[in-house]
Amino acid sequence: MCLAIPMKVKRIRDGSGIVEYRGVEREVSLLLLEDVREGDYILVHAGFAIGKIDEEAARETLDLIEDLFQEQSPYGTSGRRIGSGFDD
Amino acid sequence: MGVVEPFRDSALVERVVEALRSLSMPRSIRIMHVCGTHENSIARFGLRELLPSTIRVIAGPGCPVCVCPVEDIEMAMRLSLEKGVILATFGDMVRIPTPSGSLLDAKARGGDVRIVYSPFDALQLAERNPTEEVVFFSVGFETTACGVAAMILQGVPRNLSFLVSHRLIPPAMEFLLGVGDIRIDGFIIPGHVTTVMGLEEYRIFPEAYGMPVVSAGFEPVDVLTAILMIGRQIKDGKALCENAYRRAVKEAGNRKAKEAMAEVFTVSDAYWRGIGRLPRSGLILKGEYDRIDARKRFSIDLREPSLDLNPGCSCHLIMIGKIDPPSCPLFGRRCTPQTPYGPCMVSFDGTCNVWYRHRQG
Ligand code: SF4
Chain A
1 MCLAIPMKVK RIRDGSGIVE YRGVEREVSL LLLEDVREGD YILVHAGFAI
51 GKIDEEAARE TLDLIEDLFQ EQSPYGTSGR RIGSGFDD
Chain B
1 MGVVEPFRDS ALVERVVEAL RSLSMPRSIR IMHVCGTHEN SIARFGLREL
51 LPSTIRVIAG PGCPVCVCPV EDIEMAMRLS LEKGVILATF GDMVRIPTPS
101 GSLLDAKARG GDVRIVYSPF DALQLAERNP TEEVVFFSVG FETTACGVAA
151 MILQGVPRNL SFLVSHRLIP PAMEFLLGVG DIRIDGFIIP GHVTTVMGLE
201 EYRIFPEAYG MPVVSAGFEP VDVLTAILMI GRQIKDGKAL CENAYRRAVK
251 EAGNRKAKEA MAEVFTVSDA YWRGIGRLPR SGLILKGEYD RIDARKRFSI
301 DLREPSLDLN PGCSCHLIMI GKIDPPSCPL FGRRCTPQTP YGPCMVSFDG
351 TCNVWYRHRQ G
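Protein chains in written order, with the working numbering: chain A, 1 to 88; chain B, 1 to 361.
These are calculated hints, taken from the structure and not from any lab test. Model, not experiment: these values are computed from the prediction. Where hints are given, some of them may not hold.
As the list claims (entries may be wrong) - Which residues of chain A face chain B? A few of them, derived with a C-beta cut under 7 Å, are:
{"no.": "1", "residue": "Ser16"}
{"no.": "2", "residue": "Ile18"}
{"no.": "3", "residue": "Tyr21"}
{"no.": "4", "residue": "Gly23"}
{"no.": "5", "residue": "Val24"}
{"no.": "6", "residue": "Leu30"}
{"no.": "7", "residue": "Leu31"}
{"no.": "8", "residue": "Leu32"}
{"no.": "9", "residue": "Gly39"}
{"no.": "10", "residue": "Gly47"}
{"no.": "11", "residue": "Phe48"}
{"no.": "12", "residue": "Gly51"}
{"no.": "13", "residue": "Ala58"}
{"no.": "14", "residue": "Glu60"}
{"no.": "15", "residue": "Ile65"}
{"no.": "16", "residue": "Phe69"}
Just so it is clear, CB atoms sit at the ideal spot from N, CA and C, and this is done for glycine as well.
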């Protein structure tokens with residue numbers, strides 16, 4: 001029921017997003033999202049887009065992972081709160 | 001940059017695994033996830049084999065059709081057989097076995113049972129069959145409930161009603177922490193449920209239970225990073241609610257989705273198959289939606305439901321992470337995805353089904 005992979009919005013038609021999944025175009029309801037544009041990546045569940053991929057935040061996560069590597073010290077306790085800075 | 005590739009990158013996977021190995025946990029830990037999609041990623045990418053022996057990841061109750069009570073499935077069967085409705089529901093729901101059969105059996109006995117991909121398909125069925133009653137058997141966690149709520153708010157045809165059986169994730173996690181003999185040292189929380197709901201309702205776990213929780217996506221780097229973050233918290237003697245899936249999960253979640261759910265549904269106690277009745281763990285339609293509530297629209301006298309599970313099925317232990325599927329004597333013998341004996345073998349989200357599809361040899 002739940003697709004783990006984000007899907008790219010190819011077109012927007014009457015408030016629905018058209019995505020391509022396994023070579024077949026599917027209509028996805030955009031009722032739950034605000035300002036979706038063509039080219040956005042959305043998360044789809046049972047025919048509804050439930051979230052949008054924030055490409056900026058994707059980069060942040062990769063930086064965060066690098067931080068995690070840096071913090072790996074033989075003494076363990078770095079005392080830094082990891083990943084607590086949310087965007088909103 | 002693509003949105004998937006960096007989180008599947010094998011060099012990065014290796015580095016996270018390396019960091020996990022050099023964590024050298026002082027004791028062995030058990031991390032639970034509560035999402036069928038996580039179990040699929042873990043099995044598909046062989047992530048368990050990459051973990052150091054001190055870290056175990058176990059699957060909790062992350063399969064919505066598995067925990068859907070027999071009582072509701074029997075009601076759906078009887079709606080199709082006794083009330084002559086068109087009963088529409090998701091594909092894996094129709095095959096879920098109960099001691100009195102499945103919805104597919106009801107179909108074989110003449111019930112009009114249709115498989116739909118989305119609640120909108122049920123709406124279209126109702127539009128195309130204006131003289132028939134259509135009931136959408138609405139099963140799923142928060143991720144499904146929000147779409148159903150949005151659709152209802154837009155208005156549905158007069159001949160469409162809903163048999164609602166939605167469940168909420170946090171109450172199940174809280175319940176598991178109270179089960180004495182299951183040890184859990186941290187939770188990977190489901191990325192898409194938190195995409196919808198946000199992280200606020202998960203803060204209770206570190207704050208009241210001292211339990212680390214980290215929201216994770218579904219690529220190998222996502223899941224392994226969440227495990228690393230939990231491991232780090234435990235090692236540092238901390239318990240925090242962290243976000244390893246920032247590209248989808250925002251602190252406040254999806255505002256529109258949460259508003260739609262709050263508008264249409266109210267929280268109630270609910271029965272989880274194989275687990276029991278959990279306080280404030282389900283959603284029911286609010287009173288003003290009685291007209292589209294199939295439980296109220298059709299008078300089906302409630303009978304004592306059949307047994308929760310077929311005798312010998314261990315799904316009640318699978319769902320709370322107490323045993324792994326191969327510990328069930330029926331796994332892969334009497335019970336396979338082609339001949340499912342218990343609910344956990346049917347759905348792609350069911351732990352037995354996932355393990356069967358990815359079993360060794
Ligand atoms: S293998 Fe089948 S019978 Fe055994 S616990 Fe899983 S679903 Fe139940």
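Status of each hint after checking the structure:
no. : hint  : result
1   : Ser16 : 9 Å, violated
2   : Ile18 : 14 Å, violated
3   : Tyr21 : 11 Å, violated
4   : Gly23 : 16 Å, violated
5   : Val24 : 11 Å, violated
6   : Leu30 : 10 Å, violated
7   : Leu31 : 4 Å, holds
8   : Leu32 : 5 Å, holds
9   : Gly39 : 11 Å, violated
10  : Gly47 : 2 Å, holds
11  : Phe48 : 3 Å, holds
12  : Gly51 : 4 Å, holds
13  : Ala58 : 4 Å, holds
14  : Glu60 : 6 Å, holds
15  : Ile65 : 6 Å, holds
16  : Phe69 : 6 Å, holds
Comparing the model with each numbered hint stated earlier shows that hints 1, 2, 3, 4, 5, 6 and 9 do not hold.
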